[in-house]
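In order, the protein sequences belong to chains U and S.
Basically our numbering = 1-based index in the first sequence + 1.
Basically our numbering = 1-based index in the second sequence + 7.
Quick caveat, the hints were computed from the structure, so don't treat them as lab data.
A hint or two may mislead.
To be verified - Covered stretches of chain S, going by a simulated chain U footprint (3 or more residues, C-beta under 8 angstroms):
1. 342-354
2. 386-392
Said to hold, decoys possible - Anything over 10 angstroms on all C-beta distances counts as not near chain S; from chain U, calculated:
3. 8
4. 156
5. 177
Unchecked claim - Now the stretches of chain U that chain S is said to cover, found in silico as 3 or more residues with beta-carbon under 8 angstroms:
6. 54-64
7. 88-95
8. 99-112
9. 144-152
10. 180-190
Positions of the beta carbon are idealized from the N, C-alpha and C atoms, including for glycine.
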Amino acid sequence: MPITPEVLLSRLQDALGDRLVSGKVALGEVTIEVRATDWHDVAVQLRDTPGLRFDELIDLCGVDYSAYAGVGREEGRYAAVMHLLSVTHNHRVRVRAFCADDDLPVIASVVDLWPVANWFEREAFDLVGIIFDGHPDLRRILTDYGFIGHPFRKDFPVHGQVEMRYDPEQKRVVYQPVSIDLRVVTPHIVREENFGDVGHG
Amino acid sequence: MAEIKNYTLNFGPQHPATHGVLRLVLELDGEVVERADPHIGLLHRATEKLAENRTFLQTVPYMDRLDYMSMMQNEHAYVLAVEKLLGCEVPVRAQYIRVMFDEITRILNHLLWLGTHGLDIGAMTMFLYTFREREDLMDIYEAVTGARVHAAYYRPGGVYRDLPDSMPKYQVNKYKSAAEVARLNTHREGSVLDFIEDFTNRFPKCVDDYETLLTENRIWKQRTVGIGVVDAGRAKALGFTGPMLRGSGVAWDLRRMQPYEVYDRLDFEIPVGKNGDCYDRYLVRMEEFRQSNRIIRQCVDWLKANPGPVITGDHKVAPPSRATMKANMEELIHHFKLFTEGMHVPAGEAYAAIEHSKGEFGVYLISDGANKPYRMKLRAPGFVHLSAMDEMARGHMIADVVAIIGTMDIVFGDIDR
Chain U
2 MPITPEVLLS
12 RLQDALGDRL
22 VSGKVALGEV
32 TIEVRATDWH
42 DVAVQLRDTP
52 GLRFDELIDL
62 CGVDYSAYAG
72 VGREEGRYAA
82 VMHLLSVTHN
92 HRVRVRAFCA
102 DDDLPVIASV
112 VDLWPVANWF
122 EREAFDLVGI
132 IFDGHPDLRR
142 ILTDYGFIGH
152 PFRKDFPVHG
162 QVEMRYDPEQ
172 KRVVYQPVSI
182 DLRVVTPHIV
192 REENFGDVGH
202 G
Chain S
8 MAEIKNYTLN
18 FGPQHPATHG
28 VLRLVLELDG
38 EVVERADPHI
48 GLLHRATEKL
58 AENRTFLQTV
68 PYMDRLDYMS
78 MMQNEHAYVL
88 AVEKLLGCEV
98 PVRAQYIRVM
108 FDEITRILNH
118 LLWLGTHGLD
128 IGAMTMFLYT
138 FREREDLMDI
148 YEAVTGARVH
158 AAYYRPGGVY
168 RDLPDSMPKY
178 QVNKYKSAAE
188 VARLNTHREG
198 SVLDFIEDFT
208 NRFPKCVDDY
218 ETLLTENRIW
228 KQRTVGIGVV
238 DAGRAKALGF
248 TGPMLRGSGV
258 AWDLRRMQPY
268 EVYDRLDFEI
278 PVGKNGDCYD
288 RYLVRMEEFR
298 QSNRIIRQCV
308 DWLKANPGPV
318 ITGDHKVAPP
328 SRATMKANME
338 ELIHHFKLFT
348 EGMHVPAGEA
358 YAAIEHSKGE
368 FGVYLISDGA
378 NKPYRMKLRA
388 PGFVHLSAMD
398 EMARGHMIAD
408 VVAIIGTMDI
418 VFGDIDR
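Bound conformation, chain S alone (with noise of 0.2 angstroms):
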């Protein structure tokens, strides 16, 4: 008989189900997995680095650019830590909208993932469906801050302004006829804050639907059920945390343990898995699109009821309006310093974390009284999670491989930075 020795496989860096650039060194006995070596890094831009080269105002950009799938919760993170350390006060109603696109972000995430996630593991329909719901989310994002993708929307005090009053809505066109555009635009006839309603109340039903393709299914069942087991004891030490912890049974969901902004104020369940396999946390996922939901549609509800400003009144951290910075010397010279030199943040240290789509996403701020970071570190859920793939792969197939990836929803942006 022939002699099998274990061979080398080079999974990646341009292979669609790496999510990204990774390139994974996988060590197989045939076709089990003995050993998984991720190898990251070819995403990496130094964040932190130019962070460090940039006033506290111009790293806000950098941050969209982590997890590039959930902008403004990296957003979130970071104007929560210079927040901290500056001491600043945010208006009600921006924490609202704040926690608003933090929500309609986390189902944008999921549903990217699940359509990757699918499509990775057979279930293609999937793709098409979800893109058809981040349409819609993606034009909310682009009517707010007039970019679908690298908001730019937080700032620390605030956001950048409050929703617009109307939706942008579809022109006829040589290709798209007056009937086809009417239907089209019959929820974009109110505000933002109108569409949005729609979508929640739209939205349920598509997750039915999501499940009816997926829940059930057999074939999706053979490919999650028991695969990437973490029992709770091991996700603990693995340092996991969001869906993936939430996966193994433990019930911690930061939103709810160390609450920030307003979601004290709201009502919503944090659902838990059992068996800590890759099933459990697409089934935690999927209830967290629900619970998203409710979120959503109590903060359009609160918003519509109550007007006021969006950003902080202290000018040593946000800009004055137009019209004053035009017509007050006083003003004009604030503008003029929080433009050029940007703000002060006095010195210290500090740690914002939020409940990102993936995890706990921090933000480590060292200041050195400066008006830039001293030093700072991002926290990012998916570089933890990807650590433990060794673990997680090993006595698998190669294609379950593919699985794990997909249940850590991983993005590079994040995990090289």
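The following block holds chain U by itself, in its conformation from the complex (with noise of 0.2 angstroms):
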């Protein structure tokens, strides 16, 4: 059987001390958050330790967290998300680190821990701009061969910076601007506490 979410979290808390920034448990999932600078360390503990042993890396990605509920959020704009599956002792734990500086995030790299971090790492590069350092080959993996740009930041529209098309004058594939409008049909709505309640129910 395995054991309850809130058991984990205290092996964790017991695990991690300083290094564990918080922890919650919601859903039925336990969520830790540590420093992006303990990032590695807490890998090799999660992987190593004996009540632990985080053996497989399900999911790394960014998140741009930017426009969250309209303001973002005060402990940074972007940070790595990791899911760990424990197939030895069949738990799962969500890890989060936000890093530093906003303008050139960085976080160090697991590959060395799992090298199924390669290709995720290379994706949250990709996609969200966050550079992992250590990784032994940091390319674009998802978007065009000479693509500009981090399409999954919020501030990237969602019809991109340019188009392509053939040139028959050219006799050639050219990029252009966008000649497309970005077209809102159904806004993004957050609604405040407790709206609609009329009082009478």
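Work from the hints to combine the two standalone chains into their complex.
Here is the structure:
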């Protein structure tokens, strides 16, 4: 039987000590936050501590929090989030660290711990622009060769910056600025607390 | 003696054996692969970014187009993540329907995998056989959802509608005689559930046929045994899940280890390989055919005996019925708000994973309390498996690269997203 999220959280608190900035259980999932400078050390502990033994890195992604609920998060703009799974003990954890510098988000690479991180970190670099220090081959992965910008940042328009077409005169494919306008059909709405509560319910 | 240099070969992006648009840059020493560098992203559509700009409901059809060979399973992970954030109850009948369709989809996916994997490494006939069975399953898809591939059937809170009482039939036309039509319609006289039940009776025989063609086939074994070997420890480090992990001897299956929906009430086995090569992964998937068939059968029996609602009655999440909507102001407002502004999902984050045909398919949703996701990240099994391409192909012959691509069961919809 897997342990409950609460037990896992207390084990994480014991193992990580001061390195744990915050930890909580929500919706049956354990989320911990650590400092970006501790990212790699925490990962080592999570993988190697006998009671934790997170042997699989399930997912790693970058998040741009700049537009969160319209105001962003005070911890910083960019965060790296990884989801770990222990096949040995059958439990999961989510680890988040906010990068210190909003202009040049840097965090340590965990490729040496889980080789699967290689492509995940390339993807987070490509799409969100987080730089993974110590990554052996930090190239773009999903976007086009020669792509400029990081498309999953919140200030990148959903239709992109350039479009591609075949130019019959030059007899080759050319890039040009996009010719379509951004059209928002349904706006992004966050309702205030108790919205629509008429007070007689 | 002439000096022999390594040379680089571009494999794809338009090669039938790459199963889509994979550009594989191979560094070769003679015919031996020294390094394999997959270039992906040629099918990148930024599904995650699109989801940030659409309401929660509008994203469901995009899920079909991820791994377009196991459509409903992608939707499943997504609706589970939304339901987790909403804290929404799903009727049991809807859970059984979802499980049944997940397993139908698993068979669909594995049939395609078997056909194309066979086609790639010289077993031409498989493709013709597997597509015969795929036809029946896609007819089920069509009868229930109206679409043969991109179903858009699951909804947060349940499924779109209940299973219909009749199965569409073939009609006589200038190409099909009455006798031919009568033969084609023999299994289609009853309801959709009868047709599925009939399929589960026929299907084990079909799997036996595939096995006679391949399992002891000398050429098949020469092409797969000892190719792309990954041991259990390495498979975990490389992030493998699903048949790729089980082929290496790790009995890990989310349906059993972290059961979702009604999998804990169903009886099925988890096949495990031993050597972690292409052949073991083939055997694992062949056994999964039989186990999925068993699960479908159990779901059919339950569904026949237990009618009930198939979507939640919470009209903040699911629309009210057409009749009440026309007669009741409150319901009309619900309907209007749901399809214009969309549902509001409480702020928070959730990760929901399912045992997809290819491995663990996960959806990580961050909501800031709005009518659209703040951030969605899709954890695609194919992406992870393909990232191990370099390690698995190194030292093998160039022809084995094709076998390795086949055994990974990659589909570019979910790798590139």
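Quick check: do three or more residues in the segment 144-152 of chain U have a beta carbon closer than 8 angstroms to a beta carbon of chain S? holds (count 3)
Tell me if chain U covers the segment 342-354 of chain S under the three-residue, 8 angstroms CB rule, please? holds (count 5)
Beyond 10 angstroms from every Cβ of chain S: is that where the Cβ of residue 177/U lies? holds (20 angstroms)
Annotated coverage of the segment 386-392 of chain S by chain U, confirmed only when three residues or more have a Cβ within 8 angstroms: Answer holds; 3 residues pass the 8 angstroms Cβ test.
Has the segment 180-190 of chain U got at least three residues whose CB is nearer than 8 angstroms to a CB belonging to chain S? holds (count 4)
Closer than 8 angstroms, Cβ to Cβ, for at least three residues: run that test on the segment 88-95 of chain U against chain S and report holds or violated. With 4 residues closer than 8 angstroms to chain S, the segment 88-95 of chain U meets the three-residue bar; holds.
Count the residues of the segment 99-112 of chain U with a beta-carbon closer than 8 angstroms to any beta-carbon of chain S: does the count reach three? Check failed, 0 qualifying residues.
Holds or violated: is the Cβ of residue 156/U farther than 10 angstroms from all Cβ atoms of chain S? holds (12 angstroms)
Per the coverage rule (Cβ-Cβ under 8 angstroms, at least three residues), is the segment 54-64 of chain U covered by chain S? Answer holds; 7 residues pass the 8 angstroms Cβ test.
Taking the minimum C-beta separation from residue 8/U to chain S, is that value above 10 angstroms? holds (16 angstroms)
Going down the numbered hints, you'll see the structure goes against just number 8.
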